[in-house]
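K.L.:
Since each chain comes alone in its own frame, lean on the hints to assemble the complex.
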Amino acid sequence: MTVIEIHNLKKSYNPGKLAVNDVSLTIQKGESLGLVGESGCGKSTLARCLLGVEKMDDGSIVYNDAPIAHANRKQLRNYRRNVQTVFQNPTASLNPKLKIKDSLIDPYLQFKDDLQLKHFHFTSKQDFVQQLLETVELPKELADRYPHELSGGQKQRVTIARAISIEPNLIVLDEPTASLDVLSQGAILELLGSLQQTLGMSYLFISHDLAAVYQLCQRIAVMRDGELLDMFRKEDIYHTSRHDYTKELIDIF
Amino acid sequence: MILAIEDLTVSHGEKKIVDKVSLTIDKGEWFALVGQSGSGKTMLSQAIGQLLGTNLRASGRIMYQGDNVLEYPKEKMNQLRGKAISYIFQDYHGSFTPFLTIQQHMEEYLQTHGVHQKTQRKEMMKEAMESVGLEASFAKRYSFQLSGGQLQRASIALALLLEPDILIADEATTALDSVSAHRILSLLQDLQQKKGCAILFITHDWRHVVRYSDKIAVMKDGKIIETGTKQKLVHQPEHAYTKQLIQAAPTLPMRIREVSKS
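Going down the list, the sequences are from chains V and F.
Each residue of the first sequence is one higher than the one before, starting from 1 at the first, in our numbering.
Each residue of the second sequence is one higher than the one before, starting from 254 at the first, in our numbering.
Treat the hints with care, since some could be wrong.
As the list claims (entries may be wrong) - Between beta-carbon pairs, the in silico distance windows are:
hint : chain 1 : residue 1 : chain 2 : residue 2 : range
1    : F       : K327      : V       : G52       : 53 to 59 angstroms
2    : V       : Q130      : F       : Q500      : 26 to 32 angstroms
3    : F       : Q484      : V       : G152      : 48 to 54 angstroms
4    : V       : K234      : F       : K327      : 55 to 61 angstroms
5    : F       : H366      : V       : V53       : 29 to 35 angstroms
6    : F       : K448      : V       : G152      : 32 to 38 angstroms
If you're looking for bench data, these hints aren't it; they were derived computationally from the structure.
Beta carbons are placed, not taken as given, at the ideal position from N, Cα and C, and that holds for glycine.
Isolated chain F, as found in the complex (with noise of 0.2 angstroms):
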């Protein structure tokens, strides 16, 4: 177990947001986390970096060797997040700074966890391009000078450069085209292959869910509905909910193409 979050409530004043969440997380497993809109899912991810907003509190624990994070000062988080803990978002371009480099993001991502020699932040930043299929010229750009599936690329790159324990990817796929996000996510089960870092995936794609994860968690207005092997939600669904999310993802017909095969 990598991760286990007990009994987790994020509550905007009286209104619950996520209601008592508890989930473990494994060591290198891709845990996907499915729930519509609204659902809760990106608060919940955020609560375990302490990313919520002032105005939003968290409470329950959130165990990470030992450690309830959620107690974490701020220092000590900061130490955390980006190295054991780090991120992916939907929205690519609020990932970078739009007057730095990728290169002086790596930079300042690996200065900021303590690797002061310039050689090895530089051998490091090329092998993490090498390793999400960027020309090592890209670095010397910035975020606005590449596509929105080199950007992802990118993002990827920085997320693992320190080789996280769980990398948190939501909704990272949202707002590419199904065929650049299919190359993304391809490209992440091979890096969380050789790399053994767990995924904590939200999506609402249930595609998407069915094609990578191991484990899935269905949440819905706050509450983890029904939780699970892959191979149990995806063919013996309990919940109405889960039923019906699997039916809203056009897929195509299977059946079809074993026959035309043969």
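So here's chain V without its partners, still in its complex pose (with noise of 0.2 angstroms):
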């Protein structure tokens, strides 16, 4: 089954120069697919025009069948609701001056109107933080703390338990592991894996590590000037038919 289409997406901020040229992609229920390129090749556009923080000029993106550029009110709404984010950057992520419960309750409080969680039950708001934390394996006593007493790893944890805390169908991941130590990258990579085994959402990963991308995903898209150059399952990374420049990113690794 299909989660998400993206149908010839067009985006330019100078004139002359695509920053997304013609690229479409699908992705399906339950599987994460990788987006390799250099920085300025167009994936984080791709991304926030995905996200809808930015207005592509041609093309679709199709959700649940209906194209998003024509949703109602409601459709939009629930699409927002299943298409979450995490950045690259954790400390912009999280309100300074809220603390980590109050950050990682609010979307629920946002959707919970329409939301029938599938995953998580619980009894109060207390005892949902306490559940989020537990699932990216961040101890209870965070709850009370704010963002700026947390490390980096930490955060990107706290930001990753807000994406899953309304169960999203779709988690759009741009680089998350770019600004963290060595070490707590791995576990972050770690981290996502078992989640999606647990909770079944699919990923668009974004990143320019093609290593990370190969440990995270079953499909991997090649990104380079805007366009999408190459798009393969992990298996046949090595496969003659990949493009000359997929093969120069495998020869970095």
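P.N.:
Here it is in structure tokens:
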């Protein structure tokens, strides 16, 4: 089953140069799709269009068989709930004035009226927060702390917990490990893998690190200069039909 | 041997950030110092060029050409830094003054270190830009007019301008994406082989270590916990922490690659 389809997406910031040039891809239910490329290749722009924080120039995004461009208020709200995100910089993703528990519960409070959670069952908000912290392997005491009291890796775990709290269908992970220390990087990748197994959502994992993408994803897409050059299943990474640029990337790792 | 660090301790009040570290770097070798954030590797590297903040105190010996450079007065250190020992940093923007062009940086660098002939300076600058694969016209630009990769190339050009004996690269590619990082490191490797300078390569990315270094030291909580040749540390790491670092870095499976090639 397809979670999301992107058709011929185009986005330009400067006249004459397309940041995303006619990219189409689909993400299946429960799969991780990796999107790899250098800085400036358009991978984050694609993600921003998907999240609706950037308006695309042309093309369409189809969710639940309906193009989101024509979605009504209710459908759009449903889309926003089901497509969550984790960004590169966890410090910028958490409100410094809110305690961790308040950041964690916020998406739930936003959407609770039309929310039926399958995985999380709780008796109180406090109980929910504790469960979320436990799910991302953080100590319960952190609930009452502020973001600045946490390490980078801990903060990224909080943003992951927040993203999964309303059980979305898709999480866009935009370089979620890039700003972390090497040991935290490995731990976050492992956590993301195991969360997917328990909760069954899809990932769009955006990174310049082909090896990290390989670890987490079943399919890998390669972008360069706004274009989608290559798309393959993980097992086929060394197949001779790989694009020359993909081979160049493979050689780096 | 080009540089020997003996019992170096860097302390902040009572707290020891670098704790009795000893290591030697041989002529022309790529020496990798690996560790997590906060392990003290940057403090160690900054002690070498007397770049430590005034709240930090370094003791022990750092021997270069028979002298303990920790005891050098400021003027003498200024002579050495840039000429015999030079640096490239993670924050390439911070390596440049925003209101000077790349060329003006180079001019100042060369004049400070006694290259007084204008034609000679011009020739050296041209050569330096070429050697890092930047167009000569880039020298006229300001730092903010270059991309991250270009700017790090410019800082390498600057650091190698006077053919130092040792280049200290402190997380020089951490802020770049892995493709640009790889290009920068290959370039550095080429230049190292041409000019024969040693590199003290500070990083947390084990993959870069495996690819480029000759010798490796692993640092944790201010101490060197394991050191040796690349062959030894990669294939027979003794310390549990070294193994942990190796495992944390994601890699592509090598064996499948070999199979599909044949």
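K.L.:
Now look at each hint and say whether the structure bears it out.
P.N.:
How the hints compare with the structure:
For F/K327 and V/G52, the Cβ-Cβ distance of about 56 angstroms falls inside the hinted range of 53 to 59 angstroms, so the restraint holds. In this structure the hint that V/Q130 and F/Q500 lie 26 to 32 angstroms apart at CB holds, the actual value being about 30 angstroms. Roughly 33 angstroms separates the CB atoms of F/Q484 and V/G152, a value that falls outside the hinted 48 to 54 angstroms. For the hinted restraint 55 to 61 angstroms between V/K234 and F/K327, the CB-CB distance of approximately 56 angstroms keeps it satisfied.
Separation of F/H366 from V/V53 is about 49 angstroms and departs from the stated range, judged on CB atoms against 29 to 35 angstroms. Between F/K448 and V/G152 the C-beta distance comes to about 37 angstroms, which sits within the given range of 32 to 38 angstroms.
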